[in-house]
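A.B. asks: Okay, here's what each chain looks like letter by letter:
There are 2 protein chains.
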Amino acid sequence: MEEWTVEVHHSKTKKNKPKTDQLEFGRLFTDHMFIMDYSEPVGWHDPRIVPYEPLTIDPSAMTFHYGQSVFEGLKAYYTPEGDIQLFRPDKNLQRLNRSNDRLCIPPVDEAFVLDAIKQLVFLEREWIPTSDGTSLYIRPFIISTEPFIGVAPSHQYKLIVILSPVGAYYKEGINPVKIAVENQYVRAVKGGTGEAKTGGNYAASLKAQELCAQKGFTQVLWLDGVEKKYIEEVGSMNVFFKVNGEVITPELNGSILEGVTRNSVIQLLKHWDIPVIEKKISLDELYEAYVNGTLEEAFGTGTAAVISPIGQLSWDDKDLFINGGKTGKVAKSLYETLTGIQYGREHDPFGWVEKVNETSAVK
Amino acid sequence: MEEWTVEVHHSKTKKNKPKTDQLEFGRLFTDHMFIMDYSEPVGWHDPRIVPYEPLTIDPSAMTFHYGQSVFEGLKAYYTPEGDIQLFRPDKNLQRLNRSNDRLCIPPVDEAFVLDAIKQLVFLEREWIPTSDGTSLYIRPFIISTEPFIGVAPSHQYKLIVILSPVGAYYKEGINPVKIAVENQYVRAVKGGTGEAKTGGNYAASLKAQELCAQKGFTQVLWLDGVEKKYIEEVGSMNVFFKVNGEVITPELNGSILEGVTRNSVIQLLKHWDIPVIEKKISLDELYEAYVNGTLEEAFGTGTAAVISPIGQLSWDDKDLFINGGKTGKVAKSLYETLTGIQYGREHDPFGWVEKVNETSAVK
Ligand SMILES: Cc1ncc(COP(=O)(O)O)c(C=O)c1O
Ligand SMILES: Cc1ncc(COP(=O)(O)O)c(C=O)c1O
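Listed in order, the protein sequences are those of chains A and B.
The first sequence begins at 753 in my numbering and counts up by one.
The second sequence begins at 753 in my numbering and counts up by one.
None of the hints are false.
Given that identical chains are not distinguished, each listed pair holds provided it fits within a single copy or across any two copies.
Result set (DSS-like, lysine-lysine): computed pairs, CA atoms no more than 25 Å apart in a straight line: (1) Lys942 - Lys967; (2) Lys769 - Lys923; (3) Lys959 - Lys843; (4) Lys923 - Lys1081; (5) Lys843 - Lys910; (6) Lys1032 - Lys942; (7) Lys942 - Lys980.
What the hints contain is simulated information worked out from the structure, not anything from laboratory work.
With the rest of the complex left out, here is chain A (with noise of 0.2 Å):
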């Protein structure tokens, strides 16, 4: 698709821009989206900038009935100096093509789709909120609209980048949250959809999501699918723990989704020379560490949050305090540190931040 170039419609009305207290995760979006259709023999074709506006969907589309979807997430941020930036965009178009493989969904050309992606957002850069801990999230999907309802995949799809401003996700500085145990439903298991990003997935998960809430919890913590043991995510994030004075997450085991902060807070705890380790984690073995006194921190790592901080474990009957309710320094200097990368008000020594300019159009 080098070749191509994206074909910009613009919208005629422009929406009016919401206030900074006015932010809300998700829940307003840009005045334009890009799309791109599937269909055989040509393949991925017709790439455009259109106004955001309603699709116009076959009720018999396969994304209704079977699933057949994938998503990423991602932001764009505004840098002291005026640069807008994506932090790590490669990491989420690879990994919307590993979901895409799982799902028997065609790959699109990570390239061009990121410099899509740059082109949408240096259009709609008005709407990149400027105040402290603000962004633009990018949230590109696939659907599968072929309008046939029998279980196969479906020869038709759209992928879809859509925009919406969000606020600081800590509005009242970074603060740890209590995380239920779930020990009845299941998120993913080894040999399903855990590793990809796709609907089904969420779906699952809400269900448990709903009684934790009931009893006061934000998030559960999810256990492996088999022997309910091992632990997997929390929430939507991946999750880390210090015990002893060594970082632990983990392992990528086929029902865990790679998060870009995961792998990026790996790689800075290598650079700072925190030793850090992915590897089965039992929740015996958790419990064990925090009755020794040796379990030091937990917390949440995802694109949304960054960092959440975890102050209260609980399952059965037991009610874990960890750094007795407060955010520990790793978490702290982690959160610091990515967000002072993501927002460019630290130097970046890994190569994370891509800039977002006039440049920035399909090439």
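Got chain A; can you put chain B with the ligands on it based on the hints?
C.D. replies: Just chain B with the ligands now, kept in the frame of chain A:
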């Protein structure tokens, strides 16, 4: 909703009805569809029959992102007397609400939706094909439509019912298929969504299906996600085996869909005094029966095929040829009796069929 009526907006144009030999599964839809909306605080409202046409849905609608959707599948049949009948539709509506519960979708009024389905089917009665083995497939489904990208249950839904005339499943007579045991990919796991009819389960199944088709098999036999040892389902069907005069089927364990056909097969076998047992069935146990010469029959059950005999079952270096690759006696009797009842050719001692006629409007 007892006092509600379904508003009917007639289609101005009528599509051409297909000839019998043009009938395919799930590609052609009738002139009208049923829609009902859910929003808060009103709940389900505005039930209506409207011309079949594309839906207009915001690109941020939750269903595209987080897979919160459920569906059902049943059929309307013409009897030799020209009556229209449904087969155990109450079971489908009950299952719809069980799926809703797992997916955090608000329940529907089962009696009301069944009446609405009957009203739609009666309006579209000319679309029900009459030749042998043909029927009108009925697809109710619910999608989450709130324009919000956040992992949470939606506050807005649409229930839609579309109809598709379908040809005979067995054009050249009932015929055994070749099945491959799947030992890498997993469809569903206890604690997951396997017992709900939700898109994600089917999306998860595509990859295994694609790989087995490449090797010349029709479907996969799914094993349990925990030990990969126990038999769960075959493709999108429940599965039965006849071993030493006794019929066995995997017990409902939380990851298996409870098929309406499965339930009917169990009742019919009991009615015939053929022993039938629901239990955990290991692949090892099945293999042993095969080696002993006591594995007499194997077949899948589901609305589409009714009964699908399994002539060959393969894994690793093992190929089991069941009943000499021919349809077994029990499978054949079940097929004849079930289709006999469905098409009104045989007496229905169970009260399974429900007539659809001019009085079938929502009351
Ligand atoms: C299930 C799940 N795990 C982990 C993550 C964290 O991934 P990332 O750091 O790429 O945002 C996410 C969110 O994106 C997720 O949905
Ligand atoms: C996964 C799965 N199992 C079993 C069945 C059989 O159910 P039923 O007999 O109600 O059609 C179906 C199809 O409906 C299915 O999708």
